[in-house]
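Asks: Here is how the chains run, residue by residue.
There are 2 protein chains.
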Amino acid sequence: MTAYPHAMPAVPARPDDLTAKARIRNAALALFAGGGYDGTTMRAVATAAGVTVGLVVHHYGTKERLRDAVEDLIVAAFTEATASVKIVGSGRDIGAARDRNVAQMLASNTAMVDYLRRTILDPNDRGVLLNRLADLAAANLQELRAAGLTASRRSTAEQVAAVLTAQIGQLFLQPMVDRTVTHFGESDPPRIVVRLER
Amino acid sequence: MTAYPHAMPAVPARPDDLTAKARIRNAALALFAGGGYDGTTMRAVATAAGVTVGLVVHHYGTKERLRDAVEDLIVAAFTEATASVKIVGSGRDIGAARDRNVAQMLASNTAMVDYLRRTILDPNDRGVLLNRLADLAAANLQELRAAGLTASRRSTAEQVAAVLTAQIGQLFLQPMVDRTVTHFGESDPPRIVVRLER
DNA sequence: CAGTTCGCTGTATGTTCGTACAGTCCTTCG
DNA sequence: CGAAGGACTGTACGAACATACAGCGAACTG
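In order, the protein sequences belong to chains A and B.
If you use my numbering, the first sequence corresponds to residues 1 to 198, in order.
If you use my numbering, the second sequence corresponds to residues 1001 to 1198, in order.
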């Protein structure tokens, strides 16, 4: 499942357990998510990780390569969330289980959601991360198809888009609804539902 | 309708017709939309507007006040789009006509859409612009209510959230779908539909 | 136990930023 | 004509930035 022959045990890591390199990457994710890539300085990352700027440069070379590491982490999280679903039952059930795992993973990773929202919705972005997630979704789809578990008449592109919007579309718009409702002094905001129509 | 006693004629303005102050504001909108507020320099705004940095400062004082002017322009566009609908017919029809006008206004204003997406979805944003648009929608709703044209059992907050998501929610997510579909070499992407559920 | 690697620090450098400001041109008005 | 005000330019400056780099100490390795 993971790339490691000796997989890490599923023990929640204490901050002290992490290497400085991992702490830097995690701090970068949190800060990029909160203040954006441009709005985050290498010094801020270093401070948040409890190290000096020099060490950040030492480990990642440039700010851009630090961002690459952050995006690798996100893609890995999606990969693990979907790969842990066994290929048994109907294609529909497997897809639903994958969606559930991704939703659960994102629910406990606010920073990832915020980072994704910033990056994917950015019209200026090169779209690398979105494409990587799309490729992952397509590969998952292909796996079902190879097992003869899907008989959708929709194209791959359309199915992938449907999966992605289902997995993350709602997360992107929900804050807007929440803030609007809160602005009028109400709580218990309604849920956003995103669908694809042809 | 407009604040001007002698309203401007509905003639599309040529760039040369605009004052430098307006050109600066328009350039700022386009650049903020494309590269974000932080990612846009005063020098870039000046160059895009065909003036010097000094003049930008002369007219707007600070970068933040330049952003205020940009947001004023957006709120004015929403105001005019909704105010031009006469209060005749059913409340539902009036609401639909307003939505149509806003959609049309946004369709011809890519920069505004991009700016709104950036600003409203930014979790770090103070939410001023979203609140102004929410207040505008609420005022429009109140207008219908005062005329006895609406009998919704939904709260104001919920109705406003519904209006805003209908007006701009789809515009925010559509680029993601478009890019995903394009990534797989297809054209004719499906449409996003956003709904509120309780 | 010497040698080498590696995590890590502190400082320096060149660039780019927002903003300040002195001054020039041009229009308006008495 | 001459003063005043506003649009506009060009330069300057301090702060903050990403990055480079020399050096230090502890931990491995043979």
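The set of hints was computed from the structure by calculation and includes no laboratory data.
It cannot be assumed that every hint is accurate.
Residues from chain A that face chain B, not an exhaustive set, calculated with beta carbons under 8 Å [unchecked claim]:
#1 Asp38
#2 His58
#3 Ala147
#4 Ala151
#5 Ser152
#6 Thr156
#7 Glu158
#8 Leu164
#9 Leu171
#10 Pro175
#11 Phe184
#12 Arg191
Chain B stretches covered by chain A per the calculated footprint, using a threshold of three residues with CB under 8 Å from any CB of chain A [as the list claims (entries may be wrong)]:
#13 1041–1052
#14 1087–1094
#15 1108–1118
#16 1121–1127
#17 1169–1177
#18 1181–1192
Covered stretches of chain A, as calculated for chain B (at least 3 residues, CB under 8 Å) [claimed, not checked]:
#19 67–81
#20 107–119
Note that the Cβ used here is the ideal one computed from N, Cα and C, for glycine as well.
Asks: For each hint, tell me whether it holds in the structure or not.
Replies: Right, here's what the structure says about each hint:
Below 8 Å, beta-carbon pairs count as interface contacts, and Asp38 of chain A has one with chain B at about 5 Å; its hint therefore holds. A least Cβ separation of about 26 Å between His58 of chain A and chain B goes past the 8 Å threshold, and the interface hint is therefore violated. Residue-level restraint check for Ala147 of chain A is violated (minimum Cβ-Cβ distance to chain B is 21 Å; threshold 8 Å). Against a cut-off of 8 Å between C-beta atoms, the interface hint on Ala151 of chain A is violated, since the closest Cβ of chain B lies about 19 Å away.
The closest approach between the C-beta of Ser152 of chain A and any C-beta of chain B is roughly 13 Å, which is over the 8 Å cut-off, so the hint fails. Hint on Thr156 of chain A holds. Least Cβ distance to chain B is approximately 6 Å, under the 8 Å limit. This hint holds: Glu158 of chain A has a C-beta 6 Å from the nearest C-beta of chain B, less than the 8 Å allowed. The interface hint given for Leu164 of chain A is met, as the beta carbon of that residue sits about 6 Å from the closest beta carbon of chain B, less than 8 Å.
Among the interface hints, the one on Leu171 of chain A is violated; its C-beta lies about 11 Å from the nearest C-beta in chain B, farther than the 8 Å criterion. Taking 8 Å as the C-beta cut-off, the interface hint given for Pro175 of chain A holds, the closest approach to chain B being about 6 Å. The closest approach between the C-beta of Phe184 of chain A and any C-beta of chain B is roughly 4 Å, which is under the 8 Å cut-off, so the hint is satisfied. A least Cβ separation of about 5 Å between Arg191 of chain A and chain B falls short of the 8 Å threshold, and the interface hint therefore holds.
Three residues within the 8 Å Cβ limit are the bar, and the stretch 1041–1052 of chain B against chain A gives 0, so the coverage statement is violated. Judged by the Cβ-Cβ criterion of 8 Å, the stretch 1087–1094 of chain B is not covered by chain A as claimed, because only 0 of its residues qualify and three are needed. With a cut-off of 8 Å between beta carbons, the stretch 1108–1118 of chain B has 3 residues touching chain A; three or more are needed, and the interface restraint holds. Closer than 8 Å: that is the beta-carbon criterion, and the stretch 1121–1127 of chain B has 5 residues meeting it against chain A, so the requirement of 3 holds.
Evaluation of the coverage hint for the stretch 1169–1177 of chain B: fulfilled, as 6 residues show C-beta separations to chain A shorter than 8 Å, against a requirement of three. Using a Cβ-Cβ cut-off of 8 Å, 9 residues of the stretch 1181–1192 of chain B lie near chain A, which meets the minimum of three, so the contact claim holds. Only when three residues or more bring their CB closer than 8 Å to a CB of chain B does the claim for the stretch 67–81 of chain A stand; here the count is 0, and the claim is violated. Here's how the stretch 107–119 of chain A fares: 3 of its residues keep a CB closer than 8 Å to some CB of chain B, so the rule of at least three is met and the hint holds.
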